[in-house]
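Asker: Spelled out, the chains give:
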Amino acid sequence: MNALLVTLPPYAADLAIVAVVALCTLLTRVLPFLLFGRGGRQPAPFILYLGRVLPAAVMAILVVYCLRSTGFSAASGFVPQAAGVAVVAALHLWKRNDLLSIAGGTAVYMALLRLL
Amino acid sequence: MKELKFAARQTLPVLCGYIFLGIAFGLLLQQAGYGWGWALLSSALIYAGSMQFVLVQLLGGGFGSLVSVALTTLSVNSRHLFYGLSFLEEFAHMGGARPYMIFSLTDETYSLLCGVRVPPALDRKRTFLCISALDQCYWVTGSLLGNVLGSVLPFDMTGIDFAMTALFVVIFIEQWLSAATHAPALLGLGFGLLSLLVFGPDAFLLPALVCTVLALGLLRGRIGPAVDPPAKEADAP
Chain U
1 MNALLVTLPP
11 YAADLAIVAV
21 VALCTLLTRV
31 LPFLLFGRGG
41 RQPAPFILYL
51 GRVLPAAVMA
61 ILVVYCLRST
71 GFSAASGFVP
81 QAAGVAVVAA
91 LHLWKRNDLL
101 SIAGGTAVYM
111 ALLRLL
Chain X
1 MKELKFAARQ
11 TLPVLCGYIF
21 LGIAFGLLLQ
31 QAGYGWGWAL
41 LSSALIYAGS
51 MQFVLVQLLG
61 GGFGSLVSVA
71 LTTLSVNSRH
81 LFYGLSFLEE
91 FAHMGGARPY
101 MIFSLTDETY
111 SLLCGVRVPP
121 ALDRKRTFLC
131 ISALDQCYWV
141 TGSLLGNVLG
151 SVLPFDMTGI
161 DFAMTALFVV
171 IFIEQWLSAA
181 THAPALLGLG
191 FGLLSLLVFG
201 PDAFLLPALV
211 CTVLALGLLR
221 GRIGPAVDPP
231 AKEADAP
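First to last, the protein sequences are chains U and X.
When you line the first sequence up against our numbering, it's residues 1 to 116, in that order.
When you line the second sequence up against our numbering, it's residues 1 to 237, in that order.
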């Protein structure tokens, strides 16, 4: 495989890389459907249970993921993130308007990035 | 089309995030010597944000073999394995749109589709398709803008991508308020933080997901009764 990349002209090797990345990405997305979603039969109850409880768990993990680079050595490393999330949560619990919560929190975050 | 209008409003936070993350990706690609064709190709065919940033490093062959390219991609995107599980039934009813719905299930689209409450007056399948397609349009547009205009862009929008974090927080709160049990959210939060402490910011995502799935499996006897639909009504929307 190494030899293949070396002998191809540069643009062809890059095309091959894009193709492999695209196919492998697609594979990770399509696999659950290939394994559990075909043939007209109902997926196992356990799989359906996982599908129902995963969104709440995944959303918590994605929030952690977005904030993963938060650092605590300087105020500028965590205050914008903490204040941004707090404003989003407070606005949302108050008004339940998603765009208002997102715009408010993002504005506070961007302002603090520049002030600190 | 009412569905498109509704989807446009729902996807507004992703518009902010994708346009500016897309610009960052397009710019990076341009600085590595790759023009708009490459930006279009990768955003249209790969359509996976974090992986496309890795792709910029892989292009040019500096990374070695296609096998290692494949392994890198599989590990960076392995979290997607879990997303499909929530839409096995929903997508099964989407006919010709099903392949595209599966292909385009990014983190952000997954979150929107999990959280969206489609008004009864709208066609649910069409709304789902509009949300997925609009999200990819934003991403493609952003990467083209970044690649073509690049460093000419005059405004400093540093931090606008926080809109995506905010979107996840909002969906998390909505799910929390409507949940029959908070156990899944708390397990995700707990294992997310624990895994971040143990594995560090670059490697924590997959262990966090795997531990959460295992815990959810082990606790099914406790959590299941709260979330399983009453027998016989499983097909009602």
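Everything labelled a hint here was simulated from the structure, so no lab data went into it.
In this text, a Cβ means the ideal position worked out from N, Cα and C, and glycines have one as well.
Hints are supplied without guarantee of correctness; some may be wrong.
[Stated by the list, open to error] Listed below are the simulated DSSO-like cross-link pairs for lysine-lysine, each with C-alpha atoms no more than 27 Å apart in a straight line:
1) X:Lys5 to U:Lys95
2) X:Lys125 to X:Lys2
3) U:Lys95 to X:Lys2
4) X:Lys5 to X:Lys125
[To be verified] Over the 12 Å line for every Cβ pair with chain U, so calculated as not near, a few chain X residues:
5) Leu4
6) Arg9
7) Leu12
8) Trp36
9) Ser42
10) Arg79
11) Gly96
12) Arg98
13) Val118
14) Ala121
15) Arg124
16) Ala133
17) Val169
18) His182
[Stated by the list, open to error] Footprint (simulated), chain U over chain X, 3 or more residues, beta carbon under 8 Å:
19) 18 to 32
20) 100 to 114
21) 136 to 149
Asker: Each hint: holds or not?
Answerer: Structure-based check of all given hints:
A hinted pair counts as satisfied when its Cα atoms are at most 27 Å apart, and lysine 5 of chain X with lysine 95 of chain U qualifies at roughly 22 Å. Of the pairs offered as hints, the one joining lysine 125 of chain X and lysine 2 of chain X holds, with about 13 Å between alpha carbons and a cut-off of 27 Å not exceeded. Pair hint lysine 95 of chain U plus lysine 2 of chain X holds up; C-alpha atoms about 25 Å apart against a cutoff of 27 Å. The suggested pairing of lysine 5 of chain X with lysine 125 of chain X holds, with an alpha-carbon distance near 14 Å, which does not exceed 27 Å.
A cut-off of 12 Å between C-beta atoms confirms that leucine 4 of chain X is not in contact with chain U; the least separation is 17 Å. Residue-level check failed: arginine 9 of chain X sits 8 Å from the nearest beta carbon of chain U, not beyond 12 Å. Not every CB of chain U is more than 12 Å from the CB of leucine 12 of chain X (nearest about 6 Å), against its label as outside the interface. The claim that tryptophan 36 of chain X lies off the interface holds: its Cβ sits roughly 14 Å from the closest Cβ of chain U, which is beyond the 12 Å cut-off.
Here serine 42 of chain X does not stay apart from chain U, with its beta-carbon only about 6 Å from theirs, under the 12 Å limit. The beta carbon of arginine 79 of chain X is not kept farther than 12 Å from every beta carbon of chain U, the shortest such distance being approximately 8 Å. At roughly 15 Å, the least C-beta separation between glycine 96 of chain X and chain U is larger than 12 Å, which holds for a residue marked as non-interface. With a closest Cβ-Cβ approach of about 8 Å to chain U, arginine 98 of chain X is found to fall inside the 12 Å limit, against its non-interface label.
For valine 118 of chain X, the condition that its CB be more than 12 Å from all CB atoms of chain U holds, with the nearest at approximately 15 Å. The beta carbon of alanine 121 of chain X is kept farther than 12 Å from every beta carbon of chain U, the shortest such distance being approximately 20 Å. Against the 12 Å criterion, arginine 124 of chain X stays outside the reach of chain U, whose nearest CB is about 17 Å from its own CB. For alanine 133 of chain X, the non-interface assignment is confirmed: its Cβ lies about 16 Å from the closest Cβ of chain U, beyond the 12 Å cut-off.
The claim that valine 169 of chain X lies off the interface is violated: its Cβ sits roughly 5 Å from the closest Cβ of chain U, which falls inside the 12 Å cut-off. Look at histidine 182 of chain X: its CB is around 8 Å from the nearest CB on chain U, not clear of 12 Å, so calling it non-interface is violated. By the rule of at least three residues with a Cβ nearer than 8 Å to a Cβ of chain U, the coverage given for the region 18 to 32 of chain X is violated, with 0 such residues. Using a Cβ-Cβ cut-off of 8 Å, 7 residues of the region 100 to 114 of chain X lie near chain U, which meets the minimum of three, so the contact claim holds.
A count of 0 residues in the region 136 to 149 of chain X with a Cβ less than 8 Å from any Cβ of chain U is obtained; the coverage claim is therefore unmet, three being the minimum.
The structure shown violates the earlier hints numbered 6, 7, 9, 10, 12, 17, 18, 19 and 21.
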